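Number of protein chains: 2
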Amino acid sequence: MREPFTYPNSREQFERASRVIPSGIYGHQGPAEGCHIPFDAFPLFSSRASGSYFWDIDGHRYIDYMCAYGPNVLGYNDPDVDEAARKQREKGDCITSPSLVMVDFAELLTDTVASADWAFFAKNGNDVTTLAVMTARAHTRRKKIVFFKGYYHGVSPWTQKIDCAGVIEEDVMNNLYVKWNDTAAVERVFAENRGEIAAVIAQPYMHGNFADNELPAEGFWKKVRKLCSENETVLIVDDVRAGFRLDLAGSDHYFGFEADLICFCKALANGYNVSALCGKEFLKNTVSSISYTGSYWLSAVPFAAGIACIEKMKRLNVPALLAERGSRLKRELLKAAADYGFNLKISGAPALFYMRLADDPSLMLHQEWIAECVKRGVYFTNHHNHFINASLTDGDIDETADIARDAFEVIRQRHPE
Amino acid sequence: MREPFTYPNSREQFERASRVIPSGIYGHQGPAEGCHIPFDAFPLFSSRASGSYFWDIDGHRYIDYMCAYGPNVLGYNDPDVDEAARKQREKGDCITSPSLVMVDFAELLTDTVASADWAFFAKNGNDVTTLAVMTARAHTRRKKIVFFKGYYHGVSPWTQKIDCAGVIEEDVMNNLYVKWNDTAAVERVFAENRGEIAAVIAQPYMHGNFADNELPAEGFWKKVRKLCSENETVLIVDDVRAGFRLDLAGSDHYFGFEADLICFCKALANGYNVSALCGKEFLKNTVSSISYTGSYWLSAVPFAAGIACIEKMKRLNVPALLAERGSRLKRELLKAAADYGFNLKISGAPALFYMRLADDPSLMLHQEWIAECVKRGVYFTNHHNHFINASLTDGDIDETADIARDAFEVIRQRHPE
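Just so you know, the protein sequences line up as chains F and P, in that order. The numbering used here numbers the first residue of the first sequence as -10 and each following residue consecutively. The numbering used here numbers the first residue of the second sequence as -10 and each following residue consecutively.
None of these hints come from the bench; they were simulated from the model. Just so we're clear, the structure is a prediction, and the values are computed from it rather than from any experiment.
Each pair may be met inside one copy or between any two copies, as identical chains are not told apart.
Taking lysine-lysine pairs in the DSBU-like style, the calculated list, with each CA pair at most 35 Å apart, reads:
hint, residue 1, residue 2
1, K132, K150
2, K273, K138
3, K212, K273
4, K150, K138
5, K150, K269
6, K273, K150
7, K76, K301
8, K212, K334
9, K168, K150
10, K319, K212
11, K301, K334
12, K212, K303
With the sequences and hints as input, model every part of the structure.
Right, dumping it as structure tokens:
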């Protein structure tokens, strides 16, 4: 049985961070979001990363199943991607005129992604989901946007909820919400808003937080695609999280349909800072008509990294590899849970698996188990899907299963059957 | 007299780009915006950059007065910044938990910027202007935002105009517009919207396009600051463009007042991809309450680059250096114009000078002169302020003046007195 880690350096540095940064650490990585594993159970600062591991500032190593919340797809500090980036940096990065590597990257994406006739580059997933909605509104001259409950499309006011801090009613008054996989509800929202819906925006499957992830029901996407086409509504797929982990041709292609607009970010360049909106020819001129740019959007280094990343993902057939790794891990974890009498549910695509201990619907027992895993070197989280990266080895998976068993043992002792 | 450049490679590659990228090249750097120097006069793709120069793909070198529209403040590929970035990259960049270098950078900013009690990092200037407005709305529980006509605060729908593609009336219905430097108009807008104004957002001086740039009138900022305080309205300074080029303590400090929130981006890390919102203690908890994050926002490399950049800007006293370089260039250009009988107006801060040939109010003569400069190796633009970087030498300025004279001679021959 492994001893649990302690984090004196992380705690001390977090106090320092809290003095000069709101929340100390913000976003997913911070403790302030209120939906994480208990503050005491997890490290707060990393000192370095390599492959499928990172090390915290107290000297502990983690097998990392969050992958920087997605960008790490080939392994941290991938030598091929880093070498391509280094070579481009010697020439230049953020220059008054763009580099040809931007065009090379756009050509590679349009060759790779089934629904991409063109590519537009930015920096955040949020930049391209926002551009997608603006494009749909400009093209249709309509205002309303259909969302699926449980969605996440970034942090811009238009995509937040009315009760979120900083959001006003005007930001969200044209938003319509329907239930995922509910074909009748989608038909109803079109019938009730005839000629008014600019876009449907959706993740390729429902990978929401605090809930089992749901793949599309049989025929669901076919029906949504048909309704969008019949109503001249733009179908936007937000592939920021799942993109390239299911299918290099896009997650829409994986599920057997084509989006009008598709948003990529996380797995695009193995951590180098770039996002992309891709789409169909009929929307290209509309995108051109929108005033949309940013200070670093034409920087060359992330484009060079993106080319190296996509080429390597093709060579390794990364989606198949991640599915195999994820499925193997799933089998090992289910076996470990069963051996200790726990009912572990693993949902979503294996490459982005979501976990929940179904023995306790409050999710508190699940949170306890996650905490005991993290404190022994397996970085899981308790509310969000996980990410597999291509450098994860059989040895890593075996070690993960061992640590998961230790953690099950601890919580079984604490909560006897 | 220098022969004008031609751009066969740029033209050919632009055709290629146009097939796979909306507009071919978007934003400032692209020809589609309709407000640039004539398409035929300027290069479209760079091959490399160094110091104050970049080279295009037809082999021409430019003395670059656009500096990637701001990020290049020390000189392209600055060895100190690049070395700090390289060292951090070896440890890691975009990792599940942030690096301590984030805290170091926040401490350096709060030590450097007069109105900064804390710092929040993102990627685009637009990310932080949006967060500033959300913070003001959350803090005041009011909706209205006062803008100064001629402003630019990014590309989010809330900051665009009602007639822009992709924008709906709900995006901008709480926006109020007043004239820059018009104290009475600011008083009036507060009187007419008593208790309803969440924020005033403004650049530190009016550095708009197609118009002489205007420094703040005597007493203007003092009055605006007083009205904001009296009305419990949040004063947001958008220092994305001018930040660190006028004063390392912030452009508000330069003009003798303190903002409640101040937005930085371009000169923050010499081209490495980071932006920052800084602000006063009383708004820190409000920022914490807002759901706001992005995939690469905690990446360590740009923080390391930012620290190296700010430390070097301090060592070199970059604002004084840029003012001296900009003033010297201004004198040389005014002399050259006068020698050929042209009335050149140079406005704004010397470090971010704006130019206009006042002989022709249509600005077409100015556009012709800019075109002839660009085609001989001086990269100016005809509608936007320029940027000085710290690696610009006396020799560069002399060469610029020589080329400007060639360009004046060409247009004097074309338009005799």
